[in-house]
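Undergrad: Residue strings, one per chain:
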Amino acid sequence: MFPKERIRNFSIVAHIDHGKSTLSDRLIQLTGGLTDREMKEQVLDSMDIERERGITIKAQTVRLSYRARDGLDYVLNLIDTPGHVDFAYEVSRSLAACEGSLLVVDASQGVEAQTLANVYQALDNNHEIVPVLNKIDLPAAEPARVKAQIEDVIGLDASNAVEISAKSGLGVPEVLEAIVTRLPAPKEGDENAPLKALLVDAWYDPYLGVVTLVRIVDGILKKGMRIRMIATDAAYLVDRVGVFTPKPVDMDALGPGEIGFIIAAVKEVADARVGDTITEEKRQTKTPLTGFRTAQPVVFCGLFPTDAANFEDLRGAMSKLRLNDASFSFEMESSAALGFGFRCGFLGLLHLEIIQERLEREFGLDLIATAPSVVYELAMSDGSTMELHNPVDMPDVVKIREISEPWIKATIMSPDEYLGPILKLCQERRGVQLNLSYVGSRAMAEYELPLNEVVFDFYDRLKSISKGYASFDYSIVARRPGDLVKMQVLVNGEPVDALSMLVHRARAEIRGRAMVEKLKELIPMHMFQIPIQAAIGGRVIARETVRALRKDVTAKCYGGDASRKRKLLDKQKEGKKRMRQFGRVDIPQEAFVAALKMDGD
Amino acid sequence: MEQASRATDFPIVASAAAEEAPHLEVSPGRKIAGRELGIYVHWPYCTKICPYCDFNVYRDRGADHSALAGAILVDLSAQRRLSGQRPVQSIYFGGGSPALMRPRDIAAIIATVDTLWGLVAEAEISLECNPTDLGSAGLEALRGAGINRLSVGVQAFDDAGLKSLGRHHNRADAIRTVTDAQQHFERVSLDLIYARPGQKLEEWRRELGFALDLGVEHVSLYELTIEPDTAFGRKARRGALPRTVDPLEDFFCSTREIAANSGYAPYEVSNFARTPEAQARHNLLYWRAQDWVGVGPGAHGRLTRPEGRMALTAFSRPDLYIEGAERGNCFEEADILSSADAGNEALLFGLRLAEGIDRAFLRDVAGRDCDAAEFAQLQADGVLEKSSQRIRATERGAGLADALARRLAFRH
Chain F
60 MFPKERIRNF
70 SIVAHIDHGK
80 STLSDRLIQL
90 TGGLTDREMK
100 EQVLDSMDIE
110 RERGITIKAQ
120 TVRLSYRARD
130 GLDYVLNLID
140 TPGHVDFAYE
150 VSRSLAACEG
160 SLLVVDASQG
170 VEAQTLANVY
180 QALDNNHEIV
190 PVLNKIDLPA
200 AEPARVKAQI
210 EDVIGLDASN
220 AVEISAKSGL
230 GVPEVLEAIV
240 TRLPAPKEGD
250 ENAPLKALLV
260 DAWYDPYLGV
270 VTLVRIVDGI
280 LKKGMRIRMI
290 ATDAAYLVDR
300 VGVFTPKPVD
310 MDALGPGEIG
320 FIIAAVKEVA
330 DARVGDTITE
340 EKRQTKTPLT
350 GFRTAQPVVF
360 CGLFPTDAAN
370 FEDLRGAMSK
380 LRLNDASFSF
390 EMESSAALGF
400 GFRCGFLGLL
410 HLEIIQERLE
420 REFGLDLIAT
430 APSVVYELAM
440 SDGSTMELHN
450 PVDMPDVVKI
460 REISEPWIKA
470 TIMSPDEYLG
480 PILKLCQERR
490 GVQLNLSYVG
500 SRAMAEYELP
510 LNEVVFDFYD
520 RLKSISKGYA
530 SFDYSIVARR
540 PGDLVKMQVL
550 VNGEPVDALS
560 MLVHRARAEI
570 RGRAMVEKLK
580 ELIPMHMFQI
590 PIQAAIGGRV
600 IARETVRALR
610 KDVTAKCYGG
620 DASRKRKLLD
630 KQKEGKKRMR
640 QFGRVDIPQE
650 AFVAALKMDG
660 D
Chain U
468 MEQASRATDF
478 PIVASAAAEE
488 APHLEVSPGR
498 KIAGRELGIY
508 VHWPYCTKIC
518 PYCDFNVYRD
528 RGADHSALAG
538 AILVDLSAQR
548 RLSGQRPVQS
558 IYFGGGSPAL
568 MRPRDIAAII
578 ATVDTLWGLV
588 AEAEISLECN
598 PTDLGSAGLE
608 ALRGAGINRL
618 SVGVQAFDDA
628 GLKSLGRHHN
638 RADAIRTVTD
648 AQQHFERVSL
658 DLIYARPGQK
668 LEEWRRELGF
678 ALDLGVEHVS
688 LYELTIEPDT
698 AFGRKARRGA
708 LPRTVDPLED
718 FFCSTREIAA
728 NSGYAPYEVS
738 NFARTPEAQA
748 RHNLLYWRAQ
758 DWVGVGPGAH
768 GRLTRPEGRM
778 ALTAFSRPDL
788 YIEGAERGNC
798 FEEADILSSA
808 DAGNEALLFG
818 LRLAEGIDRA
828 FLRDVAGRDC
838 DAAEFAQLQA
848 DGVLEKSSQR
858 IRATERGAGL
868 ADALARRLAF
878 RH
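If you read the sequences in order, they're chains F and U.
Add 59 to the 1-based position in the first sequence for this note's numbering, that's all there is to it.
Add 467 to the 1-based position in the second sequence for this note's numbering, that's all there is to it.
There is no bait here: all hints are sound.
Examples of chain U residues toward chain F, derived with CB under 10 Å:
(1) 688
(2) 689
(3) 718
(4) 737
(5) 749
(6) 750
(7) 753
(8) 759
(9) 804
(10) 814
(11) 818
(12) 851
(13) 864
(14) 873
(15) 874
Some chain U residues flagged as far from chain F (calculated, every beta-carbon gap over 12 Å):
(16) 554
(17) 582
(18) 585
(19) 615
(20) 626
(21) 665
(22) 684
(23) 712
(24) 725
(25) 742
(26) 745
(27) 772
(28) 823
(29) 853
Taking lysine-lysine and the DSS-like style, the derived pairs with C-alpha atoms no more than 27 Å apart in a straight line are:
(30) U:667 - F:615
(31) F:282 - F:63
(32) U:702 - F:626
None of these hints come from the bench; they were simulated from the model.
Backbone N, C-alpha and C define an ideal beta-carbon position, used for all residues, glycine too.
Build the full structure now, drawing on both the sequences and the hints.
TA: Below you can see the structure in the form of structure tokens.
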């Protein structure tokens with residue numbers, strides 16, 4: 060056990076690309092957590108997708124041993140947190156396990172919307188915060204301006220911000236010193252009290268089984284101890300106790316203020332509930348921790364195998380993913396057009412994309428994703444209420460008294476030159492402006508928006524109109540009644556349920572028009588002409604026609620072309636598998652998601 | 468003239484090395500199905516490579532013509548044993564630039580084919596030539612060597628168009644070569660390429676009208692196809708190749724209409740003839756899924772044998788092909804096609820023809836009938852029709868051969 064006065068538990072709050080992962084790597088390297096040979100770029104982002112997209116999905120932790128300039132040895136526990144809004148719940152519990160944060164800001168870009176959201180969370184958790192200006196060596200760096208921005212926007216004293224370049228290593232030793240001197244040691248903690256530990260995270264490791272990450276508050280957690288998880292009311296024998304350096308290293312015990320892992324015979328990740336309090340079976344704590352609210356899925360969509368024969372494979376793959384991601388939910392769904400599949404719930408659009416990508420990449424599945432939908436609440440004429448996750452399940456309109464939809468509060472930060480189009484976008488999406496302020500040439504707009512206007516392509520549009528400079532963060536604030544109608548899409552006269560959606564009546568025509576125009580581009584020409592219609596009830600609100608194919612033939616075909624043409628024919632037959640047949644029309648699978656993204660201004 | 472005698476003196480009967488390929492041998496006395504047979508001769512050398520061409524071609528930097536001609540003769544005798552004894556209907560010299568072959572090599576090849584198989588009385592013996600390849604004397608020499616049909620690769624009749632295709636000749640050369648060819652040969656065909664970079668439909672309509680007024684018996688009118696492994700393909704990937712001004716399907720439909728109105732019947736997707744006799748008989752062998760022996764580097768062949776339809780591919784590189792001939796085996800690949808593959812080839816080719824495909828023949832090749840439901844659907848869509856004997860694309864389906872073949876394709 061390590062004296063808690065010389066423990067510092069901290070996390071890093073940063074916007075994507077501001078250098079959080081690079082700084083983490085440098086800290087690990089400087090404190091000798093890994094040899095140079097073991098050091099891969101961005102050690103903490105261990106999933107392929109995380110490394111490719113440069114984002115962190117699961118919180119990770121690492122224990123650093125550091126001899127400070129005062130000559131004493133310190134233990135620094137870094138809990139890496141996800142940066143994206145979809146994973147805000149992971150951020151909140153990581154922050155709850157620490158006493159301080161490093162706020163990493165790109166010295167040329169300044170504070171972004173996500174930084175803001177996360178830093179407020181850190182302040183809510185009573186964190187001490189050390190501002191760190193990264194990329195200080197870039198020609199575009201403006202440390203003075205960014206410091207002023209941190210003070211103006213966040214209200215944090217930035218005069219003694221640490222100026223670094225995580226990439227070159229410049230200033231990184233100062234960061235270690237600042238952690239020791241400016242962040243507090245764990246405040247409370249009595250090693251003689253009954254065990255009280257916070258369950259910070261849990262995940263499934265193919266070799267170790269369920270690994271549980273804990274922060275000890277009181278008492279001592281030992282190998283061989285019998286523990287109880289209070290919320291799930293289950294008891295386990297602790298097989299192993301250890302810390303990540305980031306390699307797992309076994310320890311005999313963990314004391315107050317320490318962060319480490321335990322491996323007990325927990326069968327499923329779902330049995331280790333994040334935020335639960337762990338105590339000793341024989342001597343239980345009388346004051347369990349308050350815990351966290353569980354993350355609720357807010358975006359739903361159907362996932363279907365392109366080839367119906369792969370349904371069982373899809374089920375197996377989803378079960379495996381869920382082992383590690385309890386926030387992702389799925390239940391079986393059957394669709395007239397798409398056959399058997401699953402209705403899945405996600406924390407947000409990025410979460411949806413990541414799960415879909417992992418299913419396709421790690422499990423080799425070809426999927427069709429239907430229109431993402433939010434959760435609507437229907438007040439029925441008979442006084443009952445129901446939740447609607449899937450537009451296909453919408454009851455007859457005469458039985459519905461009122462439909463409510465979730466609203467979000469969105470914070471958007473952007474260089475002011477893009478503000479005009481951004482405000483226009485928010486306005487088009489039924490936004491209500493709450494606040495608009497400026498810090499230098501940077502604008503911050505706060506809006507209330509219906510989530511259903513955001514789930515499709517809001518983020519993509521925002522990125523494109525601001526040339527990637529705007530940042531965006533949101534939280535769900537309320538459920539409000541709205542004049543919502545179900546829009547159906549008919550291809551060659553047949554409704555395609557995978558494309559039906561609830562839209563606001565005032566927006567239906569624009570949406571319907573955009574959708575049929577997009578489908579016209581996406582549906583290949585057939586031997587016959589194909590009408591595409593968007594309709595509300597029986598009324599067609601938009602229509603396009605895919606013309607009949609007139610020419611599909613190679614100009615030259617002689618003896619020498621026979622083999623090549625025949626092999627091409629085989630390949631094209633393969634290609635057809637990526638299409639789905641609706642009546643007599645083949646629709647390419649990418650059309651289902653692409654049709655929902657609107658172009659233009 | 469040691470080299471000159473080499474080609475003609477080459478042994479006609481299979482060499483000892485060729486005898487060592489017993490797996491390719493036909494059992495004596497076994498009858499080969501009665502498909503018609505033609506010979507394709509690939510001559511891969513060109514003085515310049517055209518930017519749209521993706522055939523197996525090589526710049527002629529003083530290549531040894533005798534060695535290649537000799538290898539072709541050896542290959543012919545080897546393949547004679549694969550094909551069995553049946554008369555040859557046609558010989559086609561393609562390339563590359565076969566007009567740059569020495570007339571004596573051409574004559575030797577024709578004589579060898581006649582000796583090995585026997586040429587039918589009215590055998591069609593065609594050769595492709597470019598407008599600048601030969602003058603009047605050269606054309607007469609080709610005729611003397613036994614060529615009786617000339618296919619002239621005019622490609623365009625306007626100087627800007629020829630320049631855009633990277634061709635050497637100009638409009639005057641093109642017109643002179645066609646009129647010269649008409650004086651030396653009774654049967655002349657000319658090739659044109661349309662939908663050229665930046666071309667307008669109206670310009671093409673005028674150019675086509677002019678070409679048809681020259682009065683040749685046969686024309687091949689091809690839409691410019693951008694193949695990936697060509698100079699045009701690379702240019703297109705860089706976005707540096709201008710496309711046509713008007714839609715491709717308008718070019719296609721106008722071309723058929725203009726040709727038909729001038730008395731040229733569209734008997735195949737890109738081929739038009741003034742009379743049935745003027746159709747390219749050799750090419751009909753491909754489209755009707757008959758048999759052909761392919762000789763020369765990279766040539767493909769199809770031979771129907773008791774064990775199935777055989778697909779043969781010769782070595783592409785001339786040096787490897789010549790080495791192969793010395794060993795008695797010029798094939799890079801020799802496979803027996805599955806009945807589905809053979810059926811799919813018959814569909815891909817046959818649906819290009821106005822006459823369509825003989826249903827009994829297709830059933831025989833593929834070992835089964837086409838999918839009845841698909842067939843009925845395509846009929847209902849008005850793109851395919853059938854009589855008791857044949858299936859074929861309708862006028863509306865005339866430009867849809869590939870799409871039709873995909874729909875009707877036999878599964879493995």
